[in-house]
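*Asks:* Chain by chain, the residues:
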Amino acid sequence: MANISKNVSRRGFVAAAGATVAGLGLAGCAGNSDSTTDTTTGSADSTELITTDKDGFVVRAEQTDGKAPANECIIALEGAIQDTNPMTCSDGNSVNVMYYIYDTLVCWDSNFELQPAAADSWEISEDACTYTFHIRDGITFEDGTPFDAACVVTNYQAAIDPANNWRRRRMFIRTLDDDTEEVRVDNVYAVDEMTVAFHLVKPYSPFMNSVSQFSIVNPTVVVQGNNYDYSKGSAGSGPYRLVEYAQGDHTSLELREGYWGEEPAIEKITFREVPEAGSRIAMLQTGEATVVYPTPSDQVETIRSAGDINMCSTPSNIMRYVTLNNDVEALSDVRVRQAMNYAIDKDAYIRVMFSGAATEATSVLPTIVPGYAKQEPYKFDLEKAKSLMEEAGYADGFDINLIGDNSTQETKGMTFVMQQLAQININVNVQPNEPATNAEITAEPEDTTTVQMWYVNWSQSDADGFLRSLLYSTSLPPIGYNTAFWKNADFDEQVDAGNAAATVDEQNEHYAEAQSIAWEACPWLFLASDNYLYSYKSYLSDVKMIPNGIDVMHSTLNV
Amino acid sequence: MGKYIVKRVLSMIPLLFVVSVIVFMFIHLIPGDPARQIAGVDATIGEIDNIRRQLGLDRPLVEQYVTWITGIFHGDFGISYSNNMTVAELLIPRFPITIYLTICSITWSALIGIAIGVIASINRGKTLDLVGMVIAIAGISLPNFWLGLQLMQIFAVDLRLLPTGGVNTWQGYILPSVSMGAGIMAILARVTRSSMIENLNKDYIRTARAKGLPEPRVIMRHAFKNSAIDIITVTALQIGALIAGSVVVESVFSIPGMGRLLVDSIGFRDYEVVQALILFFSVEYMVINLLADVLYGIINPRVRYE
Amino acid sequence: MSETTTSQTASAEALPKAQNPAKQFIKKFTQRKSAVAGLAFIIFILIIAVIGPSITPYNPNAYDYNALLAGPSPQHIWGTDEFGRDVFSRILAGAQLSLGTALTASVIGTAAGVVLGLIAGFFGGIVDSFIMRVCDVMFAFPGILLAIAIVAIIGPGITNVMIGVAVFTVPSFARIIRGAVLEVKSELYVEVAQSIGCSRLRTMFVHVFPGTLQALIVNFSMNVGGAILSASSLSFLGFGASVTQAEWGAILSQGRNYLATAPHLVFFPGLVIFLTVLAFNLFGDGLRDTLDPKLN
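So the protein lines, in turn, are chains A, B and C. Read in order, the letters of the first sequence are residues 151 to 709 in the working numbering. Read in order, the letters of the second sequence are residues 5 to 310 in the working numbering. Read in order, the letters of the third sequence are residues 31 to 326 in the working numbering.
For the record, the hints were derived by calculation from the structure and aren't laboratory data. Accuracy of the hints is not assured; some may be wrong.
Below, a list of computed lysine-lysine pairs in the DSBU-like style, where the Cα atoms sit at most 30 Å apart [what the hints assert, rightly or not]: (1) B:K11 x C:K53; (2) A:K694 x A:K382; (3) B:K229 x B:K7; (4) C:K58 x B:K206; (5) A:K694 x A:K637; (6) B:K11 x C:K58.
The calculated label-pair distances, taken between Cβ atoms and stated as ranges, are [as the list claims (entries may be wrong)]: (7) A:D379 x C:G130: 52 to 60 Å; (8) A:D646 x B:V66: 40 to 48 Å; (9) B:D46 x A:E594: 14 to 22 Å; (10) A:E540 x B:R57: 30 to 38 Å.
Reference listing, derived: stretches of chain C covered by chain A, where coverage requires no fewer than 3 residues with Cβ under 8 Å from a Cβ of chain A [claimed, not checked]: (11) 76 to 90; (12) 118 to 130.
C-beta atoms are modelled at their ideal positions from N, C-alpha and C, and glycine is treated no differently.
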């Protein structure tokens with residue numbers, strides 16, 4: 151009896167990205183990065199797939215003359231803002247908050263291109279080991295402390311201090327498995343007052359990505375280490391300051407005086423934690439939220455009928471796939487792995503899982519990640535799949551386990567894979583586990599692992615973060631996430647060469663080669679990259695999605 | 005009775021000790037590693053080991069338990085692994101929210117549930133009884149996410165009378181307490197009805213009626229008073245469940261309550277938060293049940309404490 | 031259904047004729063129309079549980095990606111789910127699993143709870159304190175932690191749902207029965223039984239236990255419904271039936287994600303659960319009224 155009211159659901163509040171297609175005669179085209187138009191003719195009860203116009207809008211508000219109740223932008227997010235310390239935070243929502251408070255030397259824009267931030271220019275030396283940044287003049291922290299080269303050096307010293315034990319230390323020094331340390335950056339020094347240089351031990355192409363995540367803290371605060379409570383007050387040089395951090399509920403920021411750049415128009419930004427998708431939409435309708443992310447994909451109709459809400463869909467850096475353990479006898483045959491890829495109807499996957507708001511995987515990298523090289527997709531072809539299975543001696547299929555997280559969305563994806571593979575007689579046993587349990591299972595080393603197939607997703611903003619972490623031959627668990635246990639010397643060689651390349655073009659050439667090798671060998675079932683879906687009130691202008699999260703820095707509110 | 009209460013309170017101490025051991029073992033032995041959760045996906049084993057050492061998770065379980073329990077005696081409930089706050093900092097702001105929500109939910113659901121139960125029992129077998137039953141069963145069967153979202157649509161989105169979520173104003177408590185209380189209202193209506201029917205057929209009620217006492221007095225003073233034990237038992241159980249929180253209602257109305265915190269903490273393997281929460285829930289259950297037992301005695305002096 | 035007083039008159043008249051007790055029981059029970067309706071629905075749903083899987087209009091697992099989340103139509107009278115599977119077929123096929131789980135779990139949990147409650151209430155003292163404190167501990171342990179622990183120990187699957195739900199049931203029944211025992215114990219007839227030298231065990235089962243039956247029946251009938259819903263929360267958390275199995279609670283919980291576009295996914299399983307729970311309650315009430323000697 152007592153349990154009736156305890157209708158517990160741990161992941162009940164997972165983004166309800168559901169399909170809205172019904173009675174659709176044709177396989178819907180699964181959007182390219184920019185635009186798709188679906189004509190859904192035929193069936194009377196067909197509802198729409200998510201389609202975007204050329205600017206990425208799914209719905210454009212008809213009423214645009216509404217007024218905001220106050221000069222405050224309320225951003226309703228699904229998950230928690232776990233951390234307010236810029237040196238340790240890692241979850242996407244905290245990173246989003248940091249974006250408004252702290253400056254980094256460089257930052258990414260919505261096209262995944264690097265932009266100047268606190269540094270207005272930079273150079274990389276010939277040997278790709280020295281990165282020099284020229285800091286803008288006139289940047290100050292709230293208490294007037296100048297943002298100069300010495301300040302970056304102080305931040306570096308605090309970051310690597312083992313006593314602080316901050317996560318940002320990994321940017322410079324990694325602790326290896328035998329407890330020895332590998333130094334990546336052996337020196338950070340002031341070249342002159344406003345020029346700072348990072349010296350790398352050996353070339354490491356994802357380094358700029360790390361720099362983009364290195365928030366610079368007021369040096370008088372950062373030296374206090376863990377004695378300073380960042381949840382009580384921020385210490386940045388960005389346009390906003392932290393006013394209130396209520397864990398599990400909301401985080402409020404307000405504009406501060408003396409920001410070096412163009413002053414944002416919005417005075418207050420409040421992040422609210424709203425786990426339930428339906429509630430986020432309700433808040434947007436009533437104006438209790440100004441921006442909502444993520445927006446559930448089945449709410450397009452509600453949003454359209456509200457009339458004063460814009461909804462956008464932009465490509466993401468999330469890749470969804472299933473790893474195929476090459477040590478499993480049946481999966482060790484490349485023909486079987488290819489057959490499995492041919493047996494998956496990717497268009498149906500995108501429709502069922504994301505209402506069309508996704509892009510078919512055409513490489514191991516999502517299209518917007520720099521270095522992406524398009525491969526020839528494994529077009530859904532059951533005949534071909536069956537004949538490959540027969541060739542490999544598996545015409546009658548085999549039994550196999552598929553693990554994944556136990557959220558409704560992940561379970562749905564696994565069920566889809568099961569349904570598809572049943573077409574070529576593969577009997578998939580779907581086993582959803584709690585995420586923390588999965589983390590444990592998938593960290594088992596090669597000789598003791600029980601993982602056969604793993605339905606999972608990955609997001610990174612650089613190619614190395616995909617290729618090396620997921621497919622490199624030494625990235626096997628527990629070190630990396632190569633649960634395909636796929637080992638290919640040619641692939642490794644290309645990734646290493648790309649890593650050490652001095653120019654972007656040369657690097658991309660190697661990465662393209664690596665992608666082609668992986669694509670041919672099918673260590674995964676390649677599925678799709680789903681879009682970011684966000685919506686906002688029409689009295690707010692110009693909301694962008696950047697790798698750091700929601701960007702309203704250049705938006706205006708019609709008050 | 006004073007002696008009884010003292011005895012009960014004292015008996016809580018060994019019990020809490022048992023609870024602390026069980027919860028500690030449970031959370032530490034289920035698969036999943038907080039160090040891995042903290043370290044994140046890009047961590048090396050060395051980095052994970054560092055964190056494990058720093059948190060003392062590499063030490064023998066017994067030693068970890070002793071460290072934790074000693075901390076509690078000094079008022080230190082540990083830290084949250086997921087956000088570097090102390091457990092106290094994390095729990096204290098949630099406590100009043102949970103208490104208000106519990107009080108609001110239980111008040112309305114008890115009043116209405118008991119009223120439905122009494123009315124149904126008096127009109128036993130008539131239409132009113134059946135209507136009461138259907139309302140009660142609907143209250144239990146309605147998924148509370150559905151009820152919550154419908155209420156939100158009507159009162160927040162369409163009528164704009166109440167906020168969609170959050171508990172920054174008193175209005176914010178209305179919809180969540182209605183959603184949380186629906187099931188309890190139903191349960192109390194059923195229990196009240198059945199207990200009242202039983203008591204209304206007892207000899208003393210016939211005697212009272214035969215004496216010519218007015219019917220309302222018979223019902224309220226005699227029958228209802230005797231049904232109170234059942235009602236209190238069930239109410240106590242439900243209050244306990246309410247304080248442990250409803251993850252669904254808390255999620256629907258974006259309330260930073262205990263239920264969501266527990267579920268998130270278990271998911272993160274945030275050991276010390278989970279341990280503190282379970283200890284807190286245990287104390288709270290024990291106190292409420294003690295109160296219920298004491299109330300039994302006040303209402304029906306024939307109940308003897310042994 | 032008749033008023034208390036009239037039924038008393040009726041039974042008083044019937045008393046002199048020595049009748050077959052079974053016949054008498056049936057006669058009394060059938061006078062309560064709502065109870066009969068409840069029983070009829072329970073029988074109907076039990077039949078569905080047995081033959082359901084073989085009479086589904088569609089294969090409950092057959093997907094159709096061209097008919098996702100379609101509303102009710104002549105082809106799919108209760109619409110389709112997120113994979114285009116026929117909801118009506120899934121509910122028919124799921125009756126077995128849902129009812130089976132809920133009933134088994136309720137019976138096991140109730141039996142254990144009743145025994146503990148009886149012992150606690152009857153013997154009192156240290157035994158009572160001990161059992162009740164154990165119950166407190168069990169209450170204090172939230173279901174999700176228990177579910178994760180059970181899955182960690184014996185692996186996922188439908189058996190665990192039963193165990194989980196049964197475990198949830200035990201402490202509440204123990205407390206309710208104990209409360210009832212405390213009251214019955216102070217009744218005159220129990221004191222008389224004890225004073226004339228009935229053994230404690232006999233007093234407990236023959237004299238005290240029947241006094242708690244009313245509370246037991248009502249709570250059991252309520253619990254079956256609750257168990258269906260609890261099983262659904264567990265399924266939703268990923269600790270339930272295999273994802274490929276159709277189960278009412280799982281269908282209902284999944285529907286939450288599509289409340290805006292496909293309310294039928296919540297409505298139909300919700301309605302079926304509502305009717306089933308209602309039927310168990312009507313039946314329980316009728317049964318109690320018939321069994322209650324004071325009412326006859």
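*Asks:* If a hint holds in the structure, say so; if it doesn't, say that too.
*Replies:* Checked hints:
1. At roughly 53 Å between alpha-carbon atoms, K11 of chain B and K53 of chain C are farther apart than 30 Å, so this suggested pair is violated.
2. Between K694 of chain A and K382 of chain A the CA atoms are separated by roughly 28 Å; this keeps the pair inside 30 Å, and the hint holds.
3. Among the hinted pairs, K229 of chain B with K7 of chain B is consistent with the structure: their alpha-carbon atoms are about 25 Å apart, no more than 30 Å.
4. Taking the CA atoms of K58 of chain C and K206 of chain B, the gap is about 21 Å. The hint holds against a cut of 30 Å.
5. The straight-line distance between the Cα atoms of K694 of chain A and K637 of chain A is roughly 39 Å, outside the 30 Å bound, and the hint therefore fails.
6. Between K11 of chain B and K58 of chain C, the direct Cα distance comes to roughly 49 Å. Violation of the 30 Å bound is thereby established for this hinted pair.
7. At roughly 54 Å, the beta carbons of D379 of chain A and G130 of chain C sit within the given window of 52 to 60 Å.
8. The beta-carbon spacing between D646 of chain A and V66 of chain B, approximately 47 Å, falls within the hinted interval of 40 to 48 Å.
9. Take D46 of chain B and E594 of chain A: their Cβ atoms lie about 18 Å apart, and the range 14 to 22 Å holds.
10. A hinted range of 30 to 38 Å for the beta carbons of E540 of chain A and R57 of chain B is inconsistent with their spacing of about 54 Å.
11. As drawn, the region 76 to 90 of chain C meets chain A at 0 residues by the rule of a beta-carbon pair under 8 Å; below three, the given contact is violated.
12. Judged by the Cβ-Cβ criterion of 8 Å, the region 118 to 130 of chain C is not covered by chain A as claimed, because only 0 of its residues qualify and three are needed.
Checked against the numbered hints above, the structure violates hints 1, 5, 6, 10, 11, 12; every other hint is satisfied.
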